[in-house]
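Asks: Here is how the chains run, residue by residue.
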Amino acid sequence: MIKLLLSGDTPRSTVLAVILGVILVCLALAPFLFPGVRTVDTAARICVFIVLVASYDLLLGYGGIVSFAHTMFFGIGAYGVALASTHMGRGFDAVFVGALAGTGVAAALALLIGLFSLRVRAIFFAMITLAVASAVAVLVSQLSGLTGGEDGLTFQTPRALGPAFKFGDELFGVKLNGKLLAYYFVFFGALILFLLLLRIVNSPFGRVLQAIRENDFRAEAIGYRVVYYRVAATCLSAGAAALAGALYAVWLRYVGPDTTLSMELMIDILLMVVIGGMGTMYGAVIGATLFVVAQNYLQNLMGAASGLVTDVPILPELLSADRWLLWLGVLFILSVYFFPTGVVGRLRQGRQA
Amino acid sequence: MSAAPEHAPRMAQLSLGDRLGPWMPLLLVPALVVLGFLAIPSTSSWLTLTVSGLAMGMMIFIMASGLTLVFGLMDVINFGHGAFVSVGAFVGISILLMMGHMVEAPSLVLNLTAVLVAVIGAMAATGLMGWAFEKVIVKPVYGHHLKQILVTMGGLIVVEQLIIVLWGPEEIYFTRPETLQGAITFAGAALEKYRLVAVVVGLAVFAAMRFVLRRTKIGLIVRAGVQNGEMVQALGYRLRLVFIGVFIAGSALAGLGGVMWGLYQEVVSAHMGNQAMILIFIVVIIGGLGSVEGCFIGALLVGLMQNYVAFLEPKVALISNIGLMVAILMWRPMGMIPVVKAK
Amino acid sequence: MSDPILRLEDVYTNIAQYHILQGVNLEVPRGAVTMLLGRNGVGKTTTLRTIIGHWRARQGRILLDGEDITKLPTPAIARMGVGFVPEDMGIFADLTVEENMVLAAVSGPIDSARLDWVFSAFPPLKTFWKSEAGNLSGGQKQMLSIARAMVEERRLYLIDEPTKGLAPAIISTMARALKDLKDQGASVLLVEQNFAVARALGDSANVMDDGRVTWSGRMAELAGDAGLQERLMGLSLEAH
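In the order they appear, the protein sequences are chains A, B and C. Counting from 1, one number per residue, gives the positions in the first sequence under the working numbering. Counting from 1001, one number per residue, gives the positions in the second sequence under the working numbering. Counting from 2001, one number per residue, gives the positions in the third sequence under the working numbering.
The hints are simulated quantities; they were obtained by calculation from the structure and are not laboratory data. Among these hints, one or two may not hold up.
What the hints assert, rightly or not - Listed below are the simulated DMTMM-like cross-link pairs for lysine to aspartate or glutamate, each with C-alpha atoms no more than 25 Å apart in a straight line: (1) B:LYS1217 / C:GLU2067; (2) C:LYS2130 / B:GLU1178; (3) B:LYS1147 / A:ASP93; (4) C:LYS2182 / C:GLU2067; (5) B:LYS1217 / C:ASP2088; (6) B:LYS1315 / B:GLU1293; (7) B:LYS1217 / C:GLU2153.
Said to hold, decoys possible - Label-pair distances were calculated between CB atoms; the ranges are: (8) C:PRO2109 / B:ALA1183: 27 to 37 Å; (9) C:MET2080 / B:PHE1174: 51 to 61 Å; (10) B:PRO1333 / C:ALA2169: 31 to 41 Å; (11) B:GLN1275 / C:ASP2010: 52 to 62 Å; (12) A:SER203 / B:ALA1327: 15 to 25 Å.
For each residue, glycine too, the CB sits at the ideal point set by N, CA and C.
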């Protein structure tokens, strides 16, 4: 049964299986295990990012294609829900219409970009996505009439997912309200999407994709149209990212350029994929969890460290919590050099040794 | 034995279209200028916009030329190229700010000396940085595009953050040297002096680069290396050294472009390299990766397009460049002047 | 044969996971043309590419004039006086014929007497001196490729299939040029599939099979013995 759910792609490492199990249980029971607004928020963010990173892994790890437009697709999904909820009024119909429309737009855009750039050389794709994504980010902040510009949009989600909605008293000390339902909406949405992505990479389509990554020339010679497979992967990945964006919008009840479209977010995604392990899917789970937790708690630690060395020149500057990205960059370069298979790759290697 | 028929000259067999083909991209620039003239109602605004478009194009060309050559020569794509733009701008502007009295003096000689010192300082800094970047970041990932993209992107982030550590997170505003401020009036149009200077500098860089590539042995080696690096080595040239040289020169040029860009906008920020990168990428893609001439034409097109459209319909200015890129890739999928690889 | 210009001792070369050369032993005598023969895919081109350093020998030694060049980088080997004409000709298509030749003259400006000699061997190069090499015909490109090696005096010439895919008239031009080179006392290691050319030029011959040299001897001996050819290469050269 589990094997079927995981599409036959088991963790293949006891340690990894245990870690994944712990993450799953923690996320599934987060509102009960760690009651508190901030921790539940962290858990929801982890859920969303797992899907987002997994969808990116489909492209980078399985397809060998670097995209810098993944946040754009994520944002399109989020804005889809936001715009639909704003104009159609709160309700599940608005959420679904918005999510579907966002996914459609994201996939169509991915198709266009893919056809243009992947046709010639895969390297164009990285450059073109970077250009398009930043153009879209600028456009979104300029079209303030529609998108709320830099301020973003605050909107209302279905009543059943709001904190005011109560469907019972308390369970193990946790209030049974809409916020709890919203969390589980996000959790199960993420779980389903992740299992779907796992299914895709383990399907014949996923295998061909990997063959292309290893040697596109040979794959083409065997008779696979490399371009079609790459473009299809791009579209699937964009669609999944848009759905992740929709989940995020439902959870936050807000969208803005910084939270959904920024280049910084793109870097975060890259880092999560690389640290977790490219081309493994489970790497997305590990990477996203590690990263989001670290982001929430490590920055405080850096601030404290910075306070300790105030007398030394430059060092406090380097250690200040604002320089979080500096160290991420260093970590990123080092992991690509020395740790290209990420945590998951390491754990699986350890098992074989 | 009689002379083989293949020995007979056969150059005249190229059709008119074949011979025009290589020149088509060159015609695009005047075509766009004419189009701008038709679309923009006032001649004087058109002239102002054309000059600023050319100035912008020249600056983008200076920044992008190194990137395209580095790719052509060693198949290395450097997503961190924008970092050199930022560093060049910050170093150059810092030097200018230190020489405040020379900058504020209403003397052309003093002003230009200050700018020259700033440019040399910036180019030295970015050249040195290019050397280190190549050694530390790029060299370990030769021949591996995916890792190159990731690692050089990481390098960009680190450099950007280091700029913030060294210069602080705030944008730095300043004013251009006294004699480079203001505009001259020509045919009723106000032409900013600095933009004219930028056009001249850009043309000079392009001419110098063409001279080196066409007329010197090192240029020959670079051009040959773009086509078939293996053969260049088999002839006895150390391509790796040539490549490092090109990388350093390209980084220094990006630094020069950064100073010019900073002086143009009169503000520098740690993210400016990132923003420039987007235009740089568009330019090298539409020009044809590896082609200096294509890069030049592409840069002029992007600069002009950006300025014309920003005047006509400000909100679509950035999108217009994407549109330009799409149009050109539909016409020539490998860019305007595709570089033919031997293999 | 006591003092060869080039000697390969038990050379093994891998390309990716494939073992292409599996213990090549080869001697190239000074001042003579040595043929490297064999069916397609037995490692002739790989042998030349290993000598010039494009591929690295995994095992074994390559000695040029007694000096170990196995681990030297390609440019250093070339600078020691090894001229290389690759199978794909390695023409710089965007450069003119002149620029191609200027690049090939590594040690300085082209010697005009030597250039006249090259022109006399390959007249079209003079005609198209200022044209882009990419516009040359296939045969002219091959001429340029060999001319690049000839433009300076090299200690050793490595030439890979100079007549491949050429019209008979061009082949004879090519053969005459190579003969000219030979008459000047050059040391040449030549891969050649055209038997007439091989017989006319070769002093000694080495036949490869499956990544090894399986027979070495005088070219005349091989040329005169159809049975030997049949046995070594699975076909008679006379048949061509």
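Asks: Now tell me, hint by hint, if it's right for this structure.
Replies: Now for the hints, and whether the structure bears them out:
1. The suggested pairing of LYS1217 (chain B) with GLU2067 (chain C) is violated, with an alpha-carbon distance near 30 Å, which exceeds 25 Å.
2. Pair hint LYS2130 (chain C) plus GLU1178 (chain B) does not hold up; C-alpha atoms about 50 Å apart against a cutoff of 25 Å.
3. With a CA separation close to 43 Å, the supplied pair LYS1147 (chain B) and ASP93 (chain A) exceeds the 25 Å bound.
4. A distance of roughly 24 Å separates the Cα atoms of LYS2182 (chain C) and GLU2067 (chain C); the hinted pair therefore holds under the 25 Å criterion.
5. Straight-line distance between C-alpha atoms of LYS1217 (chain B) and ASP2088 (chain C) comes to about 24 Å, which keeps the hinted pair within the 25 Å bound.
6. For a cut-off of 25 Å, the pair hint linking LYS1315 (chain B) to GLU1293 (chain B) is broken: about 30 Å separates their Cα positions.
7. As the CA atoms of LYS1217 (chain B) and GLU2153 (chain C) are separated by approximately 20 Å, the hinted pair is consistent with the 25 Å bound.
8. Remark: the range hint 27 to 37 Å for PRO2109 (chain C) to ALA1183 (chain B) is contradicted by a beta-carbon distance near 51 Å.
9. At about 56 Å, the beta-carbon gap between MET2080 (chain C) and PHE1174 (chain B) stays in the expected band of 51 to 61 Å.
10. Between PRO1333 (chain B) and ALA2169 (chain C) the C-beta distance comes to about 39 Å, which sits within the given range of 31 to 41 Å.
11. Our hint of 52 to 62 Å for GLN1275 (chain B) and ASP2010 (chain C) holds, since their Cβ atoms are close to 59 Å apart.
12. In this structure, SER203 (chain A) and ALA1327 (chain B) break the distance hint of 15 to 25 Å, their C-beta atoms being roughly 37 Å apart.
In terms of the numbered hints stated before, the structure departs from hints 1, 2, 3, 6, 8, 12, listed from lowest to highest.
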